[in-house]
Amino acid sequence: MPPTATTESKPAPPVEKLKIKVDGREVEVPRLMPDWQGRLVPTTMLQACQFAGVDVPHYCYHPKLPVAGNCRMCLVEFGLPAMGPDRKPLLDEEGSPRIQKQVLPYEPATPRGAIACATPISPGMELYPSSPATKQMREAVLESLLINHPLDCPICDQAGECKLQEYSVEHGQAAGRFVETKVHKPKAVDLGPRIVLDDERCILCTRCIRFTRDIAGDDALGIVNRGSYNTIAAWKPGAFDNNYTLNTVDICPVGALTSKDFRFQMRVWFMKETKSICTSCATGCNIVIGSREEKVHRYEPRQNDAVNACWMCDHGRLNYKWIGRGDRLKKCGVRSAECGAADSNWPTVLKGVSETLAKAPHGSTAIVASARQTNEELFLLKKLATKLG
39 MPPTATTESK PAPPVEKLKI KVDGREVEVP RLMPDWQGRL VPTTMLQACQ FAGVDVPHYC
99 YHPKLPVAGN CRMCLVEFGL PAMGPDRKPL LDEEGSPRIQ KQVLPYEPAT PRGAIACATP
159 ISPGMELYPS SPATKQMREA VLESLLINHP LDCPICDQAG ECKLQEYSVE HGQAAGRFVE
219 TKVHKPKAVD LGPRIVLDDE RCILCTRCIR FTRDIAGDDA LGIVNRGSYN TIAAWKPGAF
279 DNNYTLNTVD ICPVGALTSK DFRFQMRVWF MKETKSICTS CATGCNIVIG SREEKVHRYE
339 PRQNDAVNAC WMCDHGRLNY KWIGRGDRLK KCGVRSAECG AADSNWPTVL KGVSETLAKA
399 PHGSTAIVAS ARQTNEELFL LKKLATKLG
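Taking the numbering used here, I'd label the letters of the sequence shown as residues 39 to 427.
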């Protein structure tokens with residue numbers, strides 16, 4: 039007999055790394071990291087800072103969406119090795135490459151920042167995400183975003199999980215300087231059957247547009263008008279209606295997009311969060327259940343790249359209503375010709391079912407399975423079907 043062919047798995051090639059400094063601390067960062075589609079692309083400043091354990095605030099960036107680079111919140115001061123006329127690094131007295139902080143060419147006294155979400159790192163680069171210059175850039179960006187932003191926090195559904203609130207506290211100024219009249223835009227715009235838009239709260243990060251175009255495949259949203267009057271709009275009123283619209287509420291960093299189902303129903307800080315699995319189909323999306331006093335108020339997707347990434351369909355998200363409906367059977371019972379329907383307990387009911395199935399003629403029992411059941415339940419159901427014939 040010919041020898042059995044064996045396939046030996048080759049070891050993965052070593053990950054190429056670059057040495058950079060983040061806030062003066064030297065770290066080794068992979069030269070390539072996955073983008074939103076899982077492709078290996080040059081590592082960005084933001085990814086390098088996250089790799090080093092340093093948080094860089096951002097609005098438009100989302101790890102599962104294409105990079106837009108339009109909010110400017112992730113601006114970071116940086117330095118590069120100084121080069122001589124021969125394009126070789128200049129060395130300091132200790133023999134190390136001399137780092138030259140980048141400045142504006144027309145204003146040499148002003149540090150130059152780069153948007154960390156879209157700027158790749160290079161060997162020897164130094165990042166200063168906690169420097170005074172970086173903090174000043176963030177203050178300026180936040181001040182610009184808040185110029186026309188309404189003071190809706192007490193009535194906004196996003197309160198408690200709003201990045202504009204959090205970053206204003208962490209990186210913003212204590213008081214605003216804008217005394218002119220704010221630009222007013224449409225409020226409570228009906229984008230579709232499940233989404234309400236408040237244009238005054240929108241910071242034009244375009245996360246919703248990129249999600250509908252690149253993830254859902256429904257190019258229904260866009261930006262219209264110009265300048266301070268830019269607004270998000272559907273191509274026709276109420277046209278934002280696909281099975282993934284509520285994901286835009288999850289990724290909206292402010293309270294511009296809200297769910298009609300959850301709107302004004304419950305404050306997020308009152309809810310208990312429980313990790314679970316959606317049972318609406320066989321996908322088994324990982325979810326977080328928001329509840330209070332044994333009442334479910336919402337489902338949210340929980341990231342699991344092997345199953346649902348960080349998305350879920352609207353049908354599964356709203357399925358909590360069916361699960362918590364008023365006419366749902368909450369206890370078991372038995373029905374007999376003599377006594378009719380009567381409440382019972384699980385041991386009694388299961389014993390009765392077992393005895394009935396044991397008496398049934400071979401092949402006379404029909405079994406209905408569902409994709410909503412777990413693999414373990416389907417395995418046991420298969421064993422039961424085999425037993426009953």
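Hints were generated in silico from the structure; no laboratory data involved.
Hints may contain errors.
Distance condition first, Cα-Cα at most 20 Å in a straight line; then the derived PhoX-like pairs of lysine-lysine [stated by the list, open to error]:
1. K333 x K389
2. K102 x K139
3. K421 x K389
4. K223 x K274
5. K126 x K57
6. K333 x K369
7. K298 x K313
8. K310 x K274
9. K173 x K201
10. K359 x K298
Quick rundown of the hints versus the structure:
no. : hint        : result
1   : K333 x K389 : 32 Å, violated
2   : K102 x K139 : 31 Å, violated
3   : K421 x K389 : 18 Å, holds
4   : K223 x K274 : 18 Å, holds
5   : K126 x K57  : 18 Å, holds
6   : K333 x K369 : 18 Å, holds
7   : K298 x K313 : 23 Å, violated
8   : K310 x K274 : 38 Å, violated
9   : K173 x K201 : 17 Å, holds
10  : K359 x K298 : 14 Å, holds
When each numbered hint is compared with the structure, violations occur for hints 1, 2, 7, 8.
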